[in-house]
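S.K.: Since chain X is already given, all that's left is putting chain U on it; use the hints.
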Amino acid sequence: MADDGTGNLASQSLVDSNIDASFAELATVVTDPDDLPVTTSIRPNGTFTDAESCQQYLETGGLIVTDDAENVEPIGFVWLFKEWDDILEQYVWTVYIDSET
Amino acid sequence: MSGRCTLTVKRSNDYFVSGSELADVMSHLKAEKTYFIAGTHSIYVPKGRVRYIDKSVCKPWLGLDGQYRLHSPGEAARTELIREWPDLKRVGWPGGAIKLLNWRSPMFYSGPHVGPMIYIDLVGAYSQIYEKLFLDTSFPRGYYGQWALGAVADRLKVWKSARNALIGIARSTEAVAYRGTARIRLKTKNRFLSPGLWATVQAILHWIADEAIKNGAIYANVDGYILPTVAWEFVENFLFFLSDHDILWSIRDQGPGEIVTWNNYRVGSTRTQAYKLNLTHKSRSFTNVTNCDGEKWATYWRNIGKIARANGVSTK
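Chain order of the listed sequences is X and U. Mapping the first sequence onto this note's numbering, position 61 (from 1) lands on 61, and the numbers just tick up by one. Mapping the second sequence onto this note's numbering, position 207 (from 1) lands on 308, and the numbers just tick up by one.
Bound-form chain X, shown alone:
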C-alpha cells in the first residue's frame, strides 16, 4: 500500500495507473520501440520519471499547452516511450520528438 497524497492509502497498482494516466495525457505512450514512428528526424529528447516534470519540459519547449481548465493539449509530433530502468528500478518515460514538425 502507498500513501496517495490525500491521507488515504492506495494500492501500488492504483498509484502506478495514475502515473500512467498522467503521462498518457501528455502524448502518445508506447511500450514497444517498434511502435515509434520510423522517420529520420525523430530523436530522443529527455527522460522523465514523473509526469509533472515531463509536462513542464514539454510546456517550456512549446510542445503542449495547458488551458484554463488545466487540461493539457499536445502540439506537434511527440511520443513517450515507457520502459523499465534497471538502475533506477522504476519505469522511465523518454520523450521522442520529430524535429521536422
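In short, the hints are calculated from the structure, not lab data. Since no wrong hints were added, every one of them can be taken at face value.
Listed next, the in silico DSSO-like pairs over lysine-lysine satisfying Cα-Cα at most 30 Å (straight line): (1) U:K148 with U:K290; (2) U:K397 with X:K82; (3) U:K148 with U:K160; (4) U:K407 with X:K82; (5) U:K258 with U:K156; (6) U:K190 with X:K82; (7) U:K190 with U:K160; (8) U:K397 with U:K315; (9) X:K82 with U:K200; (10) U:K258 with U:K407; (11) U:K148 with U:K190; (12) U:K290 with U:K134.
On the chain U side, residues computed to face chain X include the following (Cβ under 10 Å): (13) G197; (14) K200; (15) T238; (16) P241; (17) Y245; (18) G246; (19) K397; (20) Y401; (21) N404; (22) K407; (23) A411; (24) N412.
We treat Cβ as the ideally placed atom computed from N, Cα and C, and that holds for glycine.
M.R.: Frame of chain X; chain U shown alone:
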C-alpha cells in the same frame, strides 16, 4: 605595444602576459580605438589575429594537437568538450528552453549580523553536480542524455578554474567587444550552449541553499553558506543533510563573525575585500532562492547519483 609588455611565451599569435600588462594592452587598444574582443582573462584583436592572455591564470594543458601548451581555464574546458565530442554541431533543445538561461545562482542576505559563525562551502560545487549530468540534460529533472559529462569532469578535476569554466560555457551566449570607449555586445555561436544543463545545475544549488536557509543560514552565495553557531543543532542538521545526500562539503572557516552587508563580512580569519577596506555601505536584505519542488530535486539528486555510479563516474 609590444615594447610595453614582457612577452614570455609566444605561440603563433598568442601572447602570454601578466595581468597588469593585459590591462596596459587594453588601455592602449582603447586609446588607439582598435577593435578588440574582451574575454575574462584575454583580449582578442581580430586585426592581425592576435590574442593576449593573462599568463597568471594559465596552466600547461594537452591541446587537441597532442602538444602541451598554456591554456586559460575556459580554453582548457572547451578543449576537453571538443576532445570528447569533436563532431558535435549543437546540443539542441525545444525552442522555449532558451529562457532557462535566465536562472541565476542562489543568493540570500538576511541583514547585518554579529556573533559566532561558520562558513560552509561545497567542494567543487559545479563539477560535483555536472559530473552526474549530461550536456543535453533536459529541464526539469530529466534523466539520461546522449552526452554524459562524467569523463570531461574527470579530466578537468585537477584544475578548479577550468572545471568551473565548463558551466560558464554551457550558458555563454555573448561576448563583449570594444572600439575606443564604445562597448559592443556580440552574439556568439556556441555549440556547447545548454540551457537545460545550466538550469539543472542552478536548480540543484537552489535546493541546497533553501535547505541551508531552513537551517538558519543568514547568508548564502552560490555554494557558500554562513550559519550562526549559537544554535549548533541547526548547523548539524544542515551538515547531516549534505552528508546524507552525498554532497561533498568543507568548513572554510568558523569563529567570531560579522556580516556588514552583501559581500562585506568576516568569519573567523576569512575576510572579504570590502570588509578589509572597512566599507560601510549597506544593502537591503534580499533573496532569489526558490524553494519549490525540494523533495523532487532531492529524489532527482539521489537518482542521478545512482545513474552516474552505474556509468562508472566516481562521485567522491
